[in-house]
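Please arrange chain B on chain A, whose structure you already have, making use of the hints.
2 protein chains.
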Amino acid sequence: MQQSSRRGWRVVSLVAALSAGAAAAGAQDAAVRAAIDANNKKFSAAAARGDAAALGALYTTDAEALPPNSDVVKGRAAIEAMFKGIFDSGVTAIDLTAAEVEAHGLVASEVGTYVVKVTDGTVVDRGKYVVVWKKVGGQWLLHRDIWNTSQPAPPKP
Amino acid sequence: MQQSSRRGWRVVSLVAALSAGAAAAGAQDAAVRAAIDANNKKFSAAAARGDAAALGALYTTDAEALPPNSDVVKGRAAIEAMFKGIFDSGVTAIDLTAAEVEAHGLVASEVGTYVVKVTDGTVVDRGKYVVVWKKVGGQWLLHRDIWNTSQPAPPKP
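So the sequence lines, in the order shown, correspond to chains A and B. Note that my numbering gives residue 124 to position 124 of the first sequence, counting from 1, and the numbers run on in steps of one. Note that my numbering gives residue 104 to position 104 of the second sequence, counting from 1, and the numbers run on in steps of one.
Okay, chain A solo, but in the shape it has when bound (with noise of 0.2 Å):
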C-alpha cells in the first residue's frame, strides 16, 4: 500500500511537472520574444548612431554573420568590421521587425523583416532574416545572422 501510494505520488508528481514545463515554455516563449524584441530595438538604435561595438556586443562572441555577396563574417570583431562598412557607405538606419520567435531552452529561432535607410530617409533595401539566438550568461544573443533582399533583382548588365 505504501509502494502503491508512492508509485501513485510519482505519477501525480510526473503529471504536474509536465503540465508545468508546458506552462514555462509558453511563458518562456512569451519571455524569449520580449527579450528579442527589445535586442532588436537596442539593435536599431544602434544602428541610428552608427554604433558598430554596440552592435556587435550583441552577438556572440563565436558568431556568424552571413550576409549576401560575401562569404561567412565570424566572430564580434569581423561583425563590428562589417557594421563600420555599412555604416561608411552611408547607411543611416537599420529598422528590425520579428515576425515569429521560436525558444527551445537556451536557443531561439527568429524570422524578421529588415528596413535599410540612408541619410536623406531613402529606403534602400528592404527584405527578410532568420537569427539563431542564443542564451549566454543571461543575455539573448545573436548568434548566426543570415538576411536577403526582398527587392527584385537588378536588371543584369
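Quick caveat, the hints were computed from the structure, so don't treat them as lab data. Fair warning: there could be bad hints in the mix.
BS3-like cross-link-like pairs, simulated, lysine-lysine; straight-line CA separation at most 25 Å [claimed, not checked]: (1) LYS135(A) <-> LYS42(B); (2) LYS134(B) <-> LYS134(A); (3) LYS74(B) <-> LYS135(B); (4) LYS134(B) <-> LYS135(A); (5) LYS117(A) <-> LYS42(A); (6) LYS84(A) <-> LYS41(A); (7) LYS42(A) <-> LYS74(A); (8) LYS42(B) <-> LYS84(B); (9) LYS74(A) <-> LYS134(A); (10) LYS41(B) <-> LYS74(B); (11) LYS135(B) <-> LYS134(A); (12) LYS84(B) <-> LYS74(B).
Per the computed footprint, the stretches of chain B lying under chain A, defined by three or more beta-carbons under 8 Å from a beta-carbon of chain A, are [said to hold, decoys possible]: (13) 99 to 106; (14) 129 to 142.
In silico contact screen, one side only, chain B against chain A (beta carbon under 8 Å); selected entries [stated by the list, open to error]: (15) ASN69; (16) SER70; (17) ASP71; (18) VAL72; (19) SER89; (20) VAL111; (21) ASN148; (22) GLN151; (23) ALA153.
Glycine included, every Cβ here is placed at the ideal spot set by N, Cα and C.
Showing chain B alone in chain A's frame:
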C-alpha cells in the same frame, strides 16, 4: 544517517542523470547530423531529377522558404512552384554541404553552403544558407530555409 545517505543517493542520481543527459544530447546531435546529411543528399538528388514535388515533400507543411529577390514563400505548394521555376530557368544541380548542425529536441539549426549548376555544368551561383529543421512524425523536415549568394554583387547598371 539515513537522511544523509538518501541525500547522497540523490546527488549521485542527479549527477548520473545529468551525465546521461549530456551523453544523450551528444548522441542525438550525431544522429540528427546524419539524418540532415541524408536529407541534403535526397534534396540534391531531387534537384538533379528536376523533381519539385520531391523537394516540396522535404519541407514541413507550414514551411517558409526565404529566397533572395522575393517575398517569403509559404507552404509546400508554393515552395514546390518555386523549385519548378528554378528548374525551368535551367538549373540542373543544387548541391548542399552542411557546415554545422545543432539539435535542440525536435528542432535543429543548420548552417551550410550551396552550389548551383546549369545544364552544361557551369556553376551559376555559390552561397550559404541557414535552415531551421523540425522533426515531424519521426522525420526531419526543412521548416525555415534562407540563403544568399557569396558571389560579388554585379556592377550597378
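Each hint, compared with the structure:
no. : hint                    : verdict
1   : LYS135(A) <-> LYS42(B)  : violated (33 Å)
2   : LYS134(B) <-> LYS134(A) : holds (18 Å)
3   : LYS74(B) <-> LYS135(B)  : holds (18 Å)
4   : LYS134(B) <-> LYS135(A) : holds (20 Å)
5   : LYS117(A) <-> LYS42(A)  : holds (17 Å)
6   : LYS84(A) <-> LYS41(A)   : holds (19 Å)
7   : LYS42(A) <-> LYS74(A)   : holds (21 Å)
8   : LYS42(B) <-> LYS84(B)   : holds (17 Å)
9   : LYS74(A) <-> LYS134(A)  : holds (16 Å)
10  : LYS41(B) <-> LYS74(B)   : holds (23 Å)
11  : LYS135(B) <-> LYS134(A) : holds (20 Å)
12  : LYS84(B) <-> LYS74(B)   : holds (15 Å)
13  : 99 to 106               : holds (count 3)
14  : 129 to 142              : holds (count 3)
15  : ASN69                   : holds (4 Å)
16  : SER70                   : holds (6 Å)
17  : ASP71                   : holds (5 Å)
18  : VAL72                   : holds (6 Å)
19  : SER89                   : violated (12 Å)
20  : VAL111                  : holds (6 Å)
21  : ASN148                  : holds (4 Å)
22  : GLN151                  : holds (7 Å)
23  : ALA153                  : holds (4 Å)
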